[in-house]
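> Residue-level listing of the chains:
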Amino acid sequence: MNVTESLRAAVADPPPTSIDVDRLVANEFARARRIRMVAGAGSLVAVLTLAVAVPIALHSGDPLWTPGTPTATTGLRHPAAPVPTEPADKALPRLYAALMPALQSVMPANITWPQAEFGMYAAGDYRVETSLTGGDDPATLTVRVWSAPPPPPRVCPKEWCGPNAYPDGSVGYTGVLPECRPGGGTCMQAELYRPDGTAVMVSLFADPKPDRAVVLALPLSMEQLVTLSRVPGLTLFP
Amino acid sequence: MTSDLAGYRDYVAAHLDPLRRTAYLLCGDWHTADDLVSTALVRLLRHWRRVSTIDNLDAYVRRILLRTWLNERRRPWRREAPFASIPDRGGGTGPDGVPDRLAIIALLAELPPRRRAVLVLRYVCDLSVVDTAAALGCSTGTVKSQTARALDVLRARLLSAAPIEGNLR
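Sequence lines, in order, name chains A and B.
Its first residue numbered 1, the first sequence is counted upward by one per residue in my numbering.
Its first residue numbered 1, the second sequence is counted upward by one per residue in my numbering.
Certain hints may be false.
Unchecked claim - So the derived list for chain B, only partly shown, Cβ under 8 Å to chain A, looks like this: (1) ASP4; (2) LEU5; (3) ARG20; (4) ARG21; (5) ARG49; (6) ARG50; (7) ILE54; (8) ILE105; (9) VAL153; (10) LEU154.
To be verified - Derived coverage of chain A by chain B (criterion: at least 3 residues anywhere in the stretch with Cβ under 8 Å from a Cβ of chain B; other residues may be distant): (11) 38 to 50; (12) 117 to 126.
Stated by the list, open to error - Computed footprint of chain A on chain B; a stretch qualifies when at least three of its residues, placed anywhere within it, have a C-beta under 8 Å from a C-beta of chain A: (13) 6 to 19; (14) 57 to 68; (15) 112 to 125.
Hints are computed from structural coordinates only; laboratory data are not their basis.
In this text, all values refer to a predicted model and were calculated from it rather than measured experimentally.
We treat Cβ as the ideally placed atom computed from N, Cα and C, and that holds for glycine.
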């Protein structure tokens, strides 16, 4: 048997082909166009997503996390909030002078902290941040004073509780979030919204030491944070 | 791109027929053969700008065709059901002295895919043992042994028209 001859004879008279090269090329080009369009649309979506996600991600690292208060997370003043007229060079030392005695009065004796000064984050938005050491875990205390109207009521008794009305017309909110930071840190925050339009936020967060998964105890209690937020001098409209 | 496309069209026009014959001998059905060749030509078109200047373009296209066929066979809907015996299999000799073409195709279909491919590449495409091994991605020893076994089976089937028992894949 001649294998070559037999095999070639088996395909000696092939039927007409159904392959249309023109259609094949056209289909392939159409497919390439579709892929380019999908890729372009995907890139556009990715760019838009990044444009939205990056600012949020940048602000999420900010210790002044404020779930439920968009004006705080964006650092922009709420349209309904009054505009402070006091110059920053006067407001900053005044706020510092108001906060420091209150801070010294509430701080436990074993906690040490540097005398940090207020800084201006944006026009009419002042913040001070200081590290608290000596407790079970290192913690960071942040105080922010800016202008914003009270946010809508928040769910209680879950993480956020409020509003709590005070005799002077202020309303306060409190919140505790376990594992609010990567690695299992704990965050605690008190907010106060004054009738004059000033908003005060006092937040405390602590990261557990590397040999533990959870924070043992925060150096300040929620009541102490509320006390700090209610310091009368922390206002933008003295 | 236009000149690229013209070159592609020229290549396809010159090689379409041999490719179809090779595909038919591999799969045993002209419609499937056209599908295989179409798929191979589309893949060739996608890489035409890069591969049009390589030395042995025919081997490249042949390898695409083989891979396409072997991959197609792995898909569930392409799997052939094994038969205990093959009914109505041709086995006679044609008027020109060569075995009937349908009988040859039927006998090829009884061979395992890679053994079938070895036969087609060596005796229809006139590839050497080394080139066949390169096309199939195996050793030359494997090509030689597969060729010998395939020829033994074909020879035995052509001499005795007895149906084949067992799993034919």
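> Which earlier hints turn out false for this structure, listed by number in ascending order?
1, 5, 6, 7, 9, 11, 12, 14
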